[in-house]
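Student: Given chain A's structure and the hints, the job is docking chain B onto it.
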Amino acid sequence: MKVSDFERISGAKCLTGPYEDREIACGYTCDLLSHVMGRGQADMAWITVQAHMNVIAVAALLDFACVIIPESLPVEAPIVAKAKDEDIILLSSDRTAYELVMLLAENGVAPAKKG
Amino acid sequence: MIIKETYPVKADDMTCAGDVSARIKRHMKRLGIPSSIMRRVSVCTYEAEINLVIHSDGGQIDFEISEDRILVRARDVGPGIPDIDKAMTEGWSTASNEVRNMGFGAGMGLPNMKRNADDFHISSVVGEGTDISMIFNI
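Protein sequences, first through last, are from chains A and B. Note that the first sequence covers residues 1 to 115 in our numbering. Note that the second sequence covers residues 1 to 138 in our numbering.
Just so you know, the hints here were simulated from the structure itself, not pulled from any lab data. Some hints here could point you the wrong way.
In silico SDA-like cross-links for lysine to any residue, where the CA-CA straight-line distance does not exceed 20 Å [as the list claims (entries may be wrong)]: (1) Lys29(B) / Asp43(A); (2) Lys4(B) / Asp68(B); (3) Lys29(B) / Gln41(A); (4) Lys114(B) / Arg39(A).
Next up, chain B with everything else stripped away, as it sits in the complex:
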């Protein structure tokens, strides 16, 4: 393992949203990860981070780089997702009007993650939280 980090993400803190994704990008840049992979990981970490801020009661993002792959795992404590198929549908969102006014809540977060990761897995328990794992082959 080259890097293994865990970053906490606070709920509702819009001013810091994106900070974890920026730190992860800096790690990748330093290690010379190809820009096309860096872009896809950045899209996924940012979407995951925003989801934790907007929808959860707080959580964490685990980030690992090994020789041949990058793992991003976003886990939260929160309301969970009752219908994952619906949540994966482009355009479907439960975001508040307040964050929609900021340009979030387009219902593209989970589809963007699935499209950009080589492997995407999501599980969720209503009333407990959501766990998303994404793998990117180097």
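Chain A with its partners taken away, still in its complex shape:
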């Protein structure tokens, strides 16, 4: 499944504007950054309620496919700007993390394995 497919199916909004589409290899949801560092891998879709600079740093370091913020939680402009700088696709959805995980799973996205 590609990021654009997920955006369309979920009705999520892309905060970072037009992007180069990429495949989602696996998915994970967690708000503790060290757990994400331990589990994260390239092309992962990460769902988190955290919306600060360090989320973008983690996503860039591990080359995630996208970061998805659930429940339309506010994301400040400098965070969006940083995501753009780092070529991180930042999506926002009014759905809960649980609903977003269900959508990923229903569309064949596998859970992230521990690295």
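Tutor: Leaving out everything else, chain B in the frame of chain A:
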């Protein structure tokens, strides 16, 4: 030696946390280091950098790439770690509530470093600081 750099890391500066790790990743990418190694080094440098920001009074990260290995060394001035075995236990953390609210302080930093480095060494003196060396074979 292909690259030898030292980067200072400021204490308590959460907005810049991760910048050193990003610079190190750019070096590795430019040199064509395999992505699996790049991932492990990135995890370790980020965890080390965050520890310096959260727990120390400031420090530095040394980064070296030679033909066959990568060295990351994080040294700080700070409170040190009284019980290293306890600090290496998954889930154990002394992080403040403020940084926990940001998703840090899960007590996974040191275990993540040990798991991802080919060689991991930590020493610490209470009241002076902590010194962590990690080697990654290329």
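Student: Now, for every hint given, state plainly whether the structure supports it.
Tutor: Checked hints:
Restraint check: the Cα-Cα separation between Lys29(B) and Asp43(A) comes to about 17 Å, which is no more than 20 Å; the hinted pair holds. At most 20 Å may separate the alpha-carbon atoms for a hinted pair to count; Lys4(B) and Asp68(B) meet this at roughly 14 Å. In summary, the hint linking Lys29(B) to Gln41(A) is supported, as the alpha carbons are separated by about 16 Å, within the 20 Å threshold. A C-alpha spacing of about 14 Å is found between Lys114(B) and Arg39(A), which places the hinted pair at or below 20 Å, so the restraint holds.
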